[in-house]
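Trainee: Each chain is listed here by its residues.
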Amino acid sequence: MAEFADPEISLGREEESLFARDDNDMLVRREKETRERFKDLVTIVIDGYAVEVPRAVPKSDSQGNSLRDQDGQLIPRTTTIYDAAAELVAQGIWSDDELRTRIPVLCHQRHVTPVAVCRMCSVHISSMKRGKLTAGRKLVPACQHRVETNMVVTTRAGMPGYNPDQKDSADTKVIERASSDVNESVKMLAEFLVADHFHEPLTETKRYENELSTVARSLNVIEPRESLRRPPEMPSKNTAQEAIPKSRRIELPLIPTLSVTERNEERPDLRNAWDEWNSQVDEGYPYSSRTVVVDHDRCILCDRCVRACSEVKPFKVIGHTGKGYGTRISFDLDSIMRESTCVQCGECMNSCPTGALSLRRRVRPRAWEDSPEQIPVNPNTSFPKSSGFLTADEMLNVWLLYESPTRGPRVVFPFRSIPYSYLKWNEGAVRKWEIEPGEKKVLCEEGEYGSTAFLLQGTGTFEIYARAATTATKPGFFGALFGSSTKPKPKKGSDPGNLLAVRTGDELVLGEMTCLTQRPRVATVIGIAEPDNPELTKGEDANGWTTATRNPKKRGPVVVYEVTRNMLDMMQRSASAREDLQEMYTLRALQTSVSGGRLFASLDQVQREQAITFLLAEKVDDKGAEFRRIAAGETIVAEGDTAAAFYIIRLGTVRVFTTAGGGEQVLRLLSAGDYFGEAALLSDRPGVRTATVAALDPVELVRVPGPVFRAMCDKFPALREGLQAAARPAVPGVKGTPPPAVLRDYVRQGLYQGQKLLVLDLKSCTRCDECTRACADSHDGNARLLREGLRFGDFLVATSCRSCHKPYCMDGCPVDAIHREGNHLEVVIENHCIGCGLCERNCPYGSIHMVPRGQANPAAAAYQEGNPQVTAARRAVNCDLCNGDEPYCVQACPHEAAYRKTGPQLLDEILHRLETHE
Amino acid sequence: MLLGKTKTVQWRITAIVLATFGITFAGAVLARLGGLATLWEWPPVPSSWFGVLCGVVGGTIVFFEMAIILRKRFRRMRLGRTRAWMRLHIWMGLVCLPVILIHAGFGYGGPLAATTMILFLLVTFSGVWGLVMQQWLPQKILADIPGETIASQIDRLGEYHADEAKRVITSLTTVPPEAEAAEPLISGPLKTELEAFRDDVLLPYLQEGRHSRSPLTASAEAERRFARLREAVPPEARDDLDRLQELANLRRRWDSQAQLYFWLHNWQLVHLPLSVAMTTLMILHAVRALKYW
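Residue numbers (the working numbering), protein chains in the order written: chain X, 7 to 924; chain P, 416 to 708.
In isolation and in its complexed conformation, chain P is listed as follows (with noise of 0.2 Å):
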């Protein structure tokens, strides 16, 4: 997103986190150097006239990182690309950076601005994180999970793939009313053991993924007892058993999946209610300053 996606993901890592601190360390060099010059204060004075106008121009970007949320709800409007908005909201952001902290002086200030600052740094600090996370995870969900399906679907189809579950085993262990055999491919012992595998082990797998706690979670122990059962079947019913694994692995790879997706998009929980309190308190932190200027 920021910098293309010809690059590997490494390289592109590498560059927001550079980026970030370059462009902070940029800024801050451009206002020292404006001090030298004694065009203003070094070190710069939230009150005097660079200062302000420092916070005015780092509150005009947290409106405008914040109309993303607009822009994002009103998707019916011709409002401009999404993707130019995102490509402005992280550039922005970027250069908010070392603009508020040149509005702040380099420090905190009084309780409210600086729980202001500590927000800001916390928001900032959560976006280039999911900006990582944006660079990487997409790429290691397409390497990795080759059956990966619609995230939200995944419960639906874990119960779709537990009834075709049970449909093989039933076909194993009974016979129907219109065959001819007159006995199923597996009964006895065997019958009982795998039904008992259906039921306390597959099912719940398949149902719930690891949320089970079935032994299936563990790819290994799967193998194992996979093994174990196809050795104990007639070679009749293997193919069965394999689409049985196969079904049990799908889930394997779509919990990881989920996990990902976790990732994908859980720093969003901490990006987003920070930006609403931090601009809040931004709000109120101004209209304080201004009131006592």
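With the rest of the complex left out, here is chain X (with noise of 0.2 Å):
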């Protein structure tokens, strides 16, 4: 890096941040990392193991998702030393626990950026210089110390944790010299920390992971030496600094936040426990709010809360404040974190190595609306054992067997990899059921948008049904005159269909697909327990890995646990645990996608079969069908380019347009299940692609190489002739053919996404405003539409909810309160919305409003002191369809004018008054 210095330069701190320095302390020019680097691959040796690692990785989120820029490109960031150990890692030449002895990390998450403040994942480096390997003059941070090529990286491990094959090669001295550099500042920097921050936990409940504590002991740091330890006289960083309210919110109140299933006489020991856990909690940590206790003494300053709150969610409260030793967190302008802005989200204290944020009270979840009662907020209080939901340390302690396709059974513990502060925040998540021998269980059924799914512990048998598709009915009379409930009639107890699969209990999990695209559960599942059903025990062999082995001499139980939502995305935070689950996901979308498509609608049912079995099995140069996903804006196939593959979508919406003569042409629009490619490949020569295929929204769809599709082709003659003489529409769902100008606006507009599009007859509409003021009378005062919006021919499209096929307002909900649920379209924001607004941003299309809360808060008001107009300022509403019956506003619109439509529904309508000249 040296060669990028610049001793001519005069830089000012102000100029210094485009700037880093380098490992001799050379200010050198920071290179914006490129694309083009994703190919350059650099190789590094770390204590003897060689990697080779590109120079730079795509982004990602929190959930291991690549991030994109504006264009639909990836974006790029440098490789870091960390980054190659962790490809150690997966390619199973270290264990964690390696990577974790090796390089300890304190303030390094790998889903925020890195900022190498605590230090504790110092290594050694040599590079190339002029030629020569040099070794380097101070210690540099692994996980922000960007890869070079021919680095060699010493750790703290040393000679006895080198490469075996690399020892008689290995200069001996040096290692050791380099390797008890390392050791020395790291356990150096662990026993300052670990005097001046380690305390003796709150209670005696475990509520969070200590981390500090955990890398001290295996750096061997127990007990700091005397000198070093915090004064008793110094000031606790807890006492509060003028403690004004200085932010705009209305104070949450810490106590009235008990239901009143937990204040009544029924349940007293629940009020005494509460009562008891505040006492121990509260007093001397006035910087708390009602979910986070603030312990600043505990606060080393590792940044990972500040860049929870900014990067894994988006409200940047959390900074610093004050300097020097006085130096610690602030949410705000140093407010009281009860008194900031913070949504209590519990991101920052999910983050925090060393219980400076902790815990103070349980969620709720909202899945178990049967039984909130079972769940109390104080986490000191254990669940009916009846009721099946699991603790923190249950959870940690769950195992399940799962048959992987690809790499083989083994025994996975899913809730290992999260938090412990998480898992004790959402005790009462997860519910464990038990199905005895020769017992039967409806797990979940179609239709529903659920918020649950389940995970197989490694028996039983677990059916799927399917109900044949209904075609809608006509109301009745009286149903037109009075406009009857469009809400769907419920189905349990009724005959769940025909059978469609049957899955194994080590499939890992059943039902998440609900969970991970927010679309109505496709299938009812039974879970049946043979009488024979085998008891499944947990054992060892001799490596020491965990194994389970079925005993058929003895019976047991079919193990389910059902997880909500928000646990399956943390889950997905460990990269182990997200390839199990995409693994499953992929599979199943696989065959879900080849066989409920239009694809093979010209093929008879024998036939459809064999061609599904051809198509997932066969493979031309070890290619097969592949499932994929596409993000948002990312062009699929691009005009002019050589067609090489078929693809067919699964999900979501994709647009194919040329771009002759100069401006964009939108073609068509194709939607799940359609198909697309196949022109180009089916024709004599090799064919190029005539139009460009974008996706509109997050898109998943199946990649059948050329090859392949030509095989199956050939093999099925019927389908060749099927797909030539398809005639398709326009778009999904649409009998004419639009006009250029008409698609291209309904396009832009997003109406292919709406259900539930509320429109305004402008023809007929006299403005008169009863839908809003219905709508305003309905909902505490507060209309949940605009008589406002973009045209579409002579329809107005108001701003209301339009109950998107893609919901995006969904998307990271740090509390889960926005959701459908049941049968239902609408989507929901429940009570407990704690107000952040991510939902609102979220929206393309300006539905969801945040308004004051308008009712006094029910809890507060029952308490003694507890004032019921002191509640959370905003909450989010949105339209949620009247509850499934007819929608006030069309309901008041005297004038035949307000509409609730889908996309092409009115795209139909407009097409026809185009036709007929209205």
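Some clues are possibly wrong.
What the hints assert, rightly or not - In silico lysine to any residue, SDA-like type, Cα no more than 25 Å apart, as pairs: (1) P:Lys555 <-> X:Leu796; (2) P:Lys555 <-> X:Lys391; (3) P:Lys555 <-> X:Glu902; (4) X:Lys907 <-> P:Arg653; (5) P:Lys422 <-> X:His918; (6) X:Lys907 <-> P:Met501; (7) X:Lys391 <-> X:Asn549; (8) P:Lys555 <-> X:Cys774.
Just so you know, these hints were derived from the structure itself, not from any lab.
From the two separate chains plus the hints, produce the assembled complex.
Mentor: Here it is, written out as structure tokens:
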């Protein structure tokens, strides 16, 4: 890096951010990472293990999803030494524990930007300078330091941890000296941190994982020397500095968060437990909020919470205040946490490695509407045994036998990668169901918008049923007159439909698709424990790896863990859990895409099954059908490219357009079940793409390589004929072909997303505002529609919830307050919304509004000194489609002007008017 | 509303007028035929059994017609679709006309009955007038006002646009402190003229519309003034002037929208109070008539 240094440049402080210092303290210009470096591979050696990594990798979010810029291109970030070390783990050369031992980390988390403030990950490097391997003069943080060609890294493991195959050629003296430097430095740092920041826990109840203590123990720092200890006369950083509320928010009451059930006379034990808990955590911690206890004396200023608040979540509430030894984290402009603009999403608490931000109360998962009183907010209170709810410690011990299609059978611990404080906070988010031998249990119903998935322990069979699609019936005379309910009738207890498939208990997970895609469940799942269901027992093999065996001599229950959506999201922060889940998801998505689409419509039943089997199994040059996820805006095939593959869409919408003549002309839209790319492949000569296909929203599709597709068409001639003869509508669900200008507007306005667009026929609408008044009257005075918006033909598409196919509003809700429930389309925002405004920002159509809470908090009113007006300042509101009945806005319109339509229905109406010149 | 939306405005208005007269005529013919068949007296006498029956039927229809107020008031209650109520309101209202005329024996009666009858005819006429307006004006707004907005927000948006206009002209006549240029784009006498145009002509018009008595109210005068200014300013400032003219044009369209709104809704100012007055008098008339029957 020294070659970039320019000693002539004189820099002011404000300019230094453009630069970094190299390992010789020379200022060097920061190089902006480029996508070209994804392919630029470098080899570095860490403790004798060579590993090849690209210079840059795609930046990813906390869920491992690659981030893209406005042009849909991957955002590159520099590959660090720690990334290279993690690659050794991914390759199976090191274990996770080994990595932690060699390169301990405190301030670093892989999903946030490294800041290298704790320096626990310090390593020694030697790099090539003027053609010679030169040892660095100072240690560098592995979490932040970029990889360079031929870099040699020495960690604290030294010669004992050196690659045995390379030991003979290693310079033992140099390595021992380097590792000794690293060890001494890191130990000293750990001792400083422990002396100043390690305290006994507040209570005996474990509420968080103290990573500082774990790292210190691993470095053999048990007791810091006395001279380093913090003098007892020093003031605590928890003393509030002029604790004057500086924010504009109304204070959230601490105690009246208890529900009526918890305060009533039937459960006095819960009230006492909560009072006792509060007396332990509130005294001396004035910066706390109702969710998080803030203890500045434990804080090591690692910046994890600051980055979690600004990178993982978008709130940017946490920063720093003070200087020197008095520096501490602050909320807004040093407000008390509960008075700041913090929405108490808990992300900071989950990322804190020392317990400086720790848990104060549990959340109540929405999934268990049948038994909310069984989950008290006091984390010291146990659950009723019969409820099946698991505590944090029980979650850690949950194990599953997973028969991976690619990696074979193994035991996985799904919750071990989740921060302990998160598990503790969400105790009750996992429910254990046991199906006794000879019994059945319906796990989920087709058509429901579920918010849970089912983790399978390893035994049992699970039957998947689906009903045939039902056609919509027209309302009768009275229905038309009075406006009948559009709410689908619950079909519980009725025939579950046709048996589609039978899954076994070692397939890890069921029902995950509704959680991951926010679409209704596509099948009913019934768990069955056969009378001779074998018991599953956990053990260990000779290498100490956990194993599980089925004991055919003993009968045992089928165990299923029902987990909420947020737990599934957290599980996916771990790369291994993410891979396991994605493996199953991908396999099933591939099967459902191929079997459920319109591709094989021209084949009879027997041929269809043969074709599906062929498509899933056939490989040419070791390449077969593969599942792909495409980000919104990303181009799938480009006009002019050589045709290489055929695509089947599983989820999402794509637009097909040409740029001939300069402007973009949309030719057609394709959605789930459609396919594209066949025309160029079916021509006699290798074809060229005549149009570009790009994703309009996140798309999942199956890519079938051209040779496989051609082989399939050769094998099933009827399929080729069917594809060549197929006449497909320009827009799915629309009979006519819209003119280009109409289709362009249709796409630009996002109308294809709408399942319940509120449209006003401006030819009939007298602008009487009855729709808005009816909405306001039925929703506490807050109208959830605005009689304003874009026009489409003669229609005004009012600003109101569209019930989108892809509900962006639900992405990332920190408390899972926004969702669909039952089998209805309406997007419900629960009363426990914390008012963070994320859904408002996510909605592309401005349909969600943040409003002041209009009603007093009944919990606060019932509390002795509680002020019923003191409550969360605002909450998100959204059109709830009047809970499935005919919406009031439509029912109140006296002029036959207001309708709820799907996007295709609206387009059909416009085309009809264009044809009849109305 | 009355005849669906598949026909032209002209067709629908003609149909409404014809329906009004047709139903009245048909009712009268039916009553005459009944009279010829000696089912009842002809000409009908209000105090005869047939006249009272028509009065009761007419009164019931009037009560039903008034019930739409309650339907609109209690929007939260699921009392059937308002469009179904409105449809019945219109058809029953039209049917009510011949029924009441027959009840009255095609005459006015005493002072109370005559007043009630006159109010009834006015209510019916205003209702038909309103129905005609509702067929015609929504389509006219759709065609003539492309930048239509919520009528109650026009003055607010006018203020917003006035602020924008102020900023545009200020950017032409002053130099911001951080700018490198020493001279504004427009200075000297032209600056004074532009600022006078802003303060005396443009801003009052954007804020108050046609009530401001600004010369910009007239489209031709506005065009002339902007054209003159456009010639006077440097070419770099012409885009800004175009924007100012666009704001003025938008305000003019909104003024037109407000006028159309007035005609679209003003009939209710007649229809509703007269309906209440007519119903009150009708009750008095019924009580008095039954008392002395």
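Trainee: Within a Cα-Cα threshold of 25 Å, do P:Lys555 and X:Cys774 meet the stated pairing?
Mentor: This hinted pair holds, its Cα atoms lying about 16 Å apart.
Trainee: Please work out if P:Lys555 and X:Glu902 have their alpha carbons no farther apart than 25 Å.
Mentor: holds (18 Å)
Trainee: Are the Cα atoms of P:Lys555 and X:Lys391 separated by 25 Å or less?
Mentor: violated (70 Å)
Trainee: Need the status of pair P:Lys555, X:Leu796: alpha-carbon distance at most 25 Å?
Mentor: Given pair P:Lys555, X:Leu796 holds - Cα atoms ~18 Å apart, limit 25 Å.
Trainee: Would you check the hint for P:Lys422 and X:His918, treating anything up to 25 Å between C-alpha atoms as holding?
Mentor: holds (14 Å)
Trainee: Holds or violated: X:Lys907 and P:Met501, Cα atoms, limit 25 Å.
Mentor: holds (22 Å)
Trainee: Tell me if the straight-line CA distance from X:Lys907 to P:Arg653 falls inside 25 Å.
Mentor: violated (44 Å)
Trainee: Does the structure keep X:Lys391 and X:Asn549 at a Cα separation of 25 Å or less?
Mentor: Status violated; Cα separation ~36 Å.
Violated hints for the displayed structure, listed by number in ascending order: 2, 4, 7.
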